[in-house]
Amino acid sequence: MSGTPTATLRKTSLYDLHERQGARIVPFAGWAMPVQYRGIVEEHRAVRERAGVFDVSHMGRLFVVGADAGRFLRKALTFDVTSLPEGRGHYTLLCNEDGGISDDPYVYRLDEQRFLVVGNAVNADRDRDRIEAQLAPGMDVELLDRQEQTVMLAVQGPTASGHLARIIGPEVAALEKRACTELPFMQYKLFVARTGYTGEDGFELVTSPEAGRALWRQLLADGVEPCGLGARDTLRLEAALPLWGHDIDESTNPYEAGLGWVVSLDDGAQFVGRDALMRIKERGVTRKLTCLLAQGRGVIREGYGVLHERELVGSVSSGTYSPTLGVSIAMAYVPAELAVEGTELAVDVRGKRLRVRVVKRPFVKGSQPAIERAAS
Amino acid sequence: MGSPSDRKYSKEHEWVKLDGDTARVGITDYAQDQLGDIVYVDLPEAGASLTQFEKMGEIESVKAVSDLFAPVGGDVIATNHAVVEKPELVNSDPFGEGWLLEVRVGDASEMEKLLSAEEYDAFTESEQRDEALGP
Chain A
1 MSGTPTATLR
11 KTSLYDLHER
21 QGARIVPFAG
31 WAMPVQYRGI
41 VEEHRAVRER
51 AGVFDVSHMG
61 RLFVVGADAG
71 RFLRKALTFD
81 VTSLPEGRGH
91 YTLLCNEDGG
101 ISDDPYVYRL
111 DEQRFLVVGN
121 AVNADRDRDR
131 IEAQLAPGMD
141 VELLDRQEQT
151 VMLAVQGPTA
161 SGHLARIIGP
171 EVAALEKRAC
181 TELPFMQYKL
191 FVARTGYTGE
201 DGFELVTSPE
211 AGRALWRQLL
221 ADGVEPCGLG
231 ARDTLRLEAA
241 LPLWGHDIDE
251 STNPYEAGLG
261 WVVSLDDGAQ
271 FVGRDALMRI
281 KERGVTRKLT
291 CLLAQGRGVI
301 REGYGVLHER
311 ELVGSVSSGT
321 YSPTLGVSIA
331 MAYVPAELAV
341 EGTELAVDVR
351 GKRLRVRVVK
361 RPFVKGSQPA
371 IERAAS
Chain B
377 MGSPSDRKYS
387 KEHEWVKLDG
397 DTARVGITDY
407 AQDQLGDIVY
417 VDLPEAGASL
427 TQFEKMGEIE
437 SVKAVSDLFA
447 PVGGDVIATN
457 HAVVEKPELV
467 NSDPFGEGWL
477 LEVRVGDASE
487 MEKLLSAEEY
497 DAFTESEQRD
507 EALGP
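Protein chains in written order, with my numbering: chain A, 1 to 376; chain B, 377 to 511.
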């Protein structure tokens, strides 16, 4: 299976550094991205035990600024961003009119009039268009798509704050979970948030390409492991974090995905999908996104059938090998009555039945609590 | 550095080292590199009967699962349980400690259907050129 020639794939500003590091490059969402350097398992373990750095510059970065920025974003996103204090971020969804999930971006409030929306690479352009569609005449808002002009790095793991405190300054280590700020770095400025997609303590940083390259080099020199998309996937699945396009998409609603906690209905504000979501919440869900832990050998992969006794009851949305647990882990939508901790199910692994058990999320608790919200 | 010349190779990236009528079988360094971190190896047990070039098992990495094909026919004498316990041995030492099976070869002339080290290296080079993402 040959790939798209790299000439037609986009490259981040750190591409040559990845090549020099011996990365294996693969196409992902139209970008030429490192899937691994030393190996997925080594990189995964580095993040669980120490610290790893990921180039995530392929993701969408949309700044929304102006006196009406908060009220404007409220109309596009499910989470009530007007309630976000300055210097804080929150997970959110972009839903369509039917309550299906168009993307699951993270939104940060830098100050009263400035927000940053970070979306999945595959949805970057579409997110911008959908958000832009909420513009009305007379609104004091400007949308600034900064994906081309900036880079984004994720530094994740129990020792991440130590490395960044040494390289950037002690203010990084003082950031609370989900807090964000802007800090000087050499002659540059960078945006840093204490957020991530691994279940570990960690930070996500947005800055200019020159600063990003300097930061990458300094992090590696300080002993941080370069990590690719392969480890990013095994880490997020151990943390039971959904991946858009696999575990959630426009055919799934937030309630069946366990994401009702980022849908703000109480403030009464109108946003895309609100009416549909209220109806879905009222009616309840018939299936739920569930964590499955393998009880034997073999790797569960996306698309494999989930069986209850002899009956096909669902199909795997995400599956991989968990380096921490030494067995396969997966997520799948199963009928709500089976989505109960301890339920014994099976997965059809290329014709063989692999027993699995329903477990509570997350599969692996990292150095940061994976669940930091009220029960959904 | 070329593949070891003390053995023969299949186009499915297995190697065979013959010693009398006993053959040791494994996968090549090229194969383990393509697969990435190996997490499960599914091998036939002693007593199983193999037919040359037919599927005999599976080798699974984080990212993919690959069929294993018997490079020679015969009866399985031994399975390397070390790699069943520690599949990463196949990544770290594919030509040595990461061996998979020992087989009593039924028909030694089947070895002629396999590639020499030089032929195998030329074969993988051309495969890599076809797979390349371009300049």
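These are computed hints drawn from the structure, not numbers from a lab. Accuracy of the hints is not assured; some may be wrong.
Selected chain B positions facing chain A (in silico; Cβ < 10 Å) [to be verified]:
hint, residue
1, Glu434
2, Ile453
3, Thr455
4, Asn456
5, Leu465
6, Asp469
7, Glu478
Here are the simulated lysine-lysine pairs, DSSO-like style, with alpha carbons at most 30 Å apart [what the hints assert, rightly or not]:
hint, chain 1, residue 1, chain 2, residue 2
8, A, Lys75, A, Lys177
9, B, Lys489, A, Lys288
10, A, Lys177, A, Lys288
11, A, Lys288, A, Lys189
12, B, Lys431, B, Lys393
13, A, Lys11, B, Lys393
14, A, Lys365, B, Lys393
15, B, Lys462, B, Lys393
16, B, Lys462, A, Lys360
17, B, Lys387, A, Lys352
18, A, Lys281, A, Lys352
19, B, Lys431, B, Lys489
20, A, Lys365, A, Lys177
21, A, Lys189, A, Lys177
22, B, Lys462, B, Lys387
Backbone N, C-alpha and C define an ideal beta-carbon position, used for all residues, glycine too.
Structure-based check of each hint:
1. The criterion of a C-beta within 10 Å of any C-beta in chain A is met by Glu434/B, whose closest approach is roughly 8 Å, and the hint holds.
2. Because the beta carbon of Ile453/B sits about 23 Å from the nearest beta carbon in chain A, more than 10 Å, this interface hint is broken.
3. Residue-level restraint check for Thr455/B is violated (minimum Cβ-Cβ distance to chain A is 14 Å; threshold 10 Å).
4. The restraint placing Asn456/B at the interface with chain A is violated, with a minimum CB-CB distance near 16 Å, outside the 10 Å limit.
5. Contact between Leu465/B and chain A, as hinted, is not supported at the beta carbon level, the nearest pair being about 13 Å apart and thus beyond 10 Å.
6. Annotation: interface hint on Asp469/B violated; nearest CB of chain A at approximately 15 Å, more than 10 Å.
7. Against a cut-off of 10 Å between C-beta atoms, the interface hint on Glu478/B is violated, since the closest Cβ of chain A lies about 22 Å away.
8. Distance restraint check for Lys75/A and Lys177/A: the Cα-Cα separation of roughly 26 Å lies within the 30 Å cut-off, and the hinted pair is therefore satisfied.
9. For the proposed pair Lys489/B and Lys288/A, the alpha carbon gap of about 53 Å is over 30 Å, so the pair is violated.
10. Straight-line distance between C-alpha atoms of Lys177/A and Lys288/A comes to about 28 Å, which keeps the hinted pair within the 30 Å bound.
11. Among the hinted pairs, Lys288/A with Lys189/A is inconsistent with the structure: their alpha-carbon atoms are about 43 Å apart, more than 30 Å.
12. A C-alpha spacing of about 19 Å is found between Lys431/B and Lys393/B, which places the hinted pair at or below 30 Å, so the restraint holds.
13. About 44 Å separates the Cα atoms of Lys11/A and Lys393/B, which puts this hinted pair outside 30 Å; it is violated.
14. As the CA atoms of Lys365/A and Lys393/B are separated by approximately 46 Å, the hinted pair breaks the 30 Å bound.
15. Note on Lys462/B and Lys393/B: the hinted pairing holds, with a Cα-Cα distance of about 22 Å set against a maximum of 30 Å.
16. Taking the CA atoms of Lys462/B and Lys360/A, the gap is about 28 Å. The hint holds against a cut of 30 Å.
17. Our distance criterion of 30 Å between C-alpha atoms is met by Lys387/B and Lys352/A, whose separation comes to about 27 Å.
18. The suggested pairing of Lys281/A with Lys352/A is violated, with an alpha-carbon distance near 37 Å, which exceeds 30 Å.
19. Among the hinted pairs, Lys431/B with Lys489/B is consistent with the structure: their alpha-carbon atoms are about 17 Å apart, no more than 30 Å.
20. With a CA separation close to 16 Å, the supplied pair Lys365/A and Lys177/A stays within the 30 Å bound.
21. A hinted pair counts as satisfied when its Cα atoms are at most 30 Å apart, and Lys189/A with Lys177/A qualifies at roughly 21 Å.
22. Taken as a hint, the Lys462/B and Lys387/B pair is honoured in the structure, with Cα atoms around 26 Å apart against an allowance of 30 Å.
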